[in-house]
Amino acid sequence: MTRPNRNNHPSMRRWRRFWRSSRPSAMTVLFAVAVIGPLLTMSLLLPLPVVLPAFGFWALAFAGLMALLAWYRPPPRGAEDVSAWDLAGAFTLIGCAAAILGEIEHMLEFVWPLSSKDEAHD
Amino acid sequence: MIDISHLLTPQALTAFFQVIVIDLVLAGDNAVIIGLAAAGLPKHQRGRAILVGILAATVLRIAFAFVAIELLAIVGLLFAGGILLLWVCWKMWRELRGPNGAEAEAALSGGECHVPQKTFAQAAWQIVAADVSMSLDNVLAVAGAARDHPAALVFGLGLSIVLMGLAASLIARLLNKHRWIAYVGLAIILYVAADMIWRGFWEIQPLLAHALGS
Chain A
1 MTRPNRNNHP SMRRWRRFWR SSRPSAMTVL FAVAVIGPLL TMSLLLPLPV VLPAFGFWAL
61 AFAGLMALLA WYRPPPRGAE DVSAWDLAGA FTLIGCAAAI LGEIEHMLEF VWPLSSKDEA
121 HD
Chain B
1 MIDISHLLTP QALTAFFQVI VIDLVLAGDN AVIIGLAAAG LPKHQRGRAI LVGILAATVL
61 RIAFAFVAIE LLAIVGLLFA GGILLLWVCW KMWRELRGPN GAEAEAALSG GECHVPQKTF
121 AQAAWQIVAA DVSMSLDNVL AVAGAARDHP AALVFGLGLS IVLMGLAASL IARLLNKHRW
181 IAYVGLAIIL YVAADMIWRG FWEIQPLLAH ALGS
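Chains A and B, in that order, are what the protein sequence lines are. Counting from 1, one number per residue, gives the positions in the first sequence under my numbering. Counting from 1, one number per residue, gives the positions in the second sequence under my numbering.
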């Protein structure tokens, strides 16, 4: 007696269709990972006031990387999907926003503590 | 021969890196507004608009840097700059929601992006007006950090110009495809304007209190 093929069941076909239509593209997954991963790591490792400026620098560096990737391997013209160019633009905007909203003074204070700053200005 | 030994001291290098970091951060708001304004233009004019924006920001920053000390003495300048930037935000908001509102809505709902078109002159004026207020704010911030190291100031300025151009073209390209993100950019610039007005208000507040009291 042959077992019924469960993969051909209408509910499975519907599910596969739904999964195909709603499956995020590789670029969307990369976007989520590149935002959430560093943000979590930084918030665990760095003092709170430094997190936003540091994330801004990370986002701008990642944007540069994505722009280089898009430059060397350009996406097809008129592609509807999220491309490396889109990621580069989105991370540039995120980086600029993080840099504007985060107080840069905290970052400077973290990298160059007050004593060395005083020496520098003497 | 030019003596560069004074540029390689720990003090000079510290000031150098500080100015670079500050410049990189402060180029961000200019990049967002140039990208926002250029995104509404046809592709062949976008590069020109970005160039105009960068040139204007550069000239203004150099001019303001020369008179930074005098500018610091003018009370209410920051407040006026914030109001100017707020006006630019209002113009951009009207462009997004105005006569071409239906197209902006289509973009918002993920439809085909027919970017609200504007003329090159309109975009250039928006960029220059925003550059005036933001460059003023930026120069006042950098002037404090650079102090006795003008070489660091010049290098930081050069680097921020290059990065501003690259960032603005990436943002303009993104906004041209996903127009709804323009609202995010507009919110960022609105924050900058509100921050300038807030800080400017506390500068003029003692004068206002004195004037109202007497």
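Please keep in mind that the hints were generated in silico from the structure rather than gathered at the bench. Accuracy of the hints is not assured; some may be wrong.
What the hints assert, rightly or not - Simulated restraints on C-beta separations:
1. Gly37/A / Trp202/B: 36 to 46 Å
2. Ile74/B / Val33/A: 30 to 40 Å
3. Trp202/B / Pro47/A: 41 to 51 Å
Stated by the list, open to error - Here are a few chain A residues that face chain B, going by a calculated C-beta distance under 8 Å:
4. Ala67
5. Trp71
6. Ala84
7. Ile104
To be verified - If you want the ones that stay clear, here's a sample from chain A, every Cβ over 10 Å from chain B, calculated:
8. Leu30
9. Met42
10. Ala63
11. Leu69
Idealized CB from N, CA, C, for every residue including glycine.
Out of the numbered hints, which ones does the structure contradict?
2, 3, 5, 6, 10
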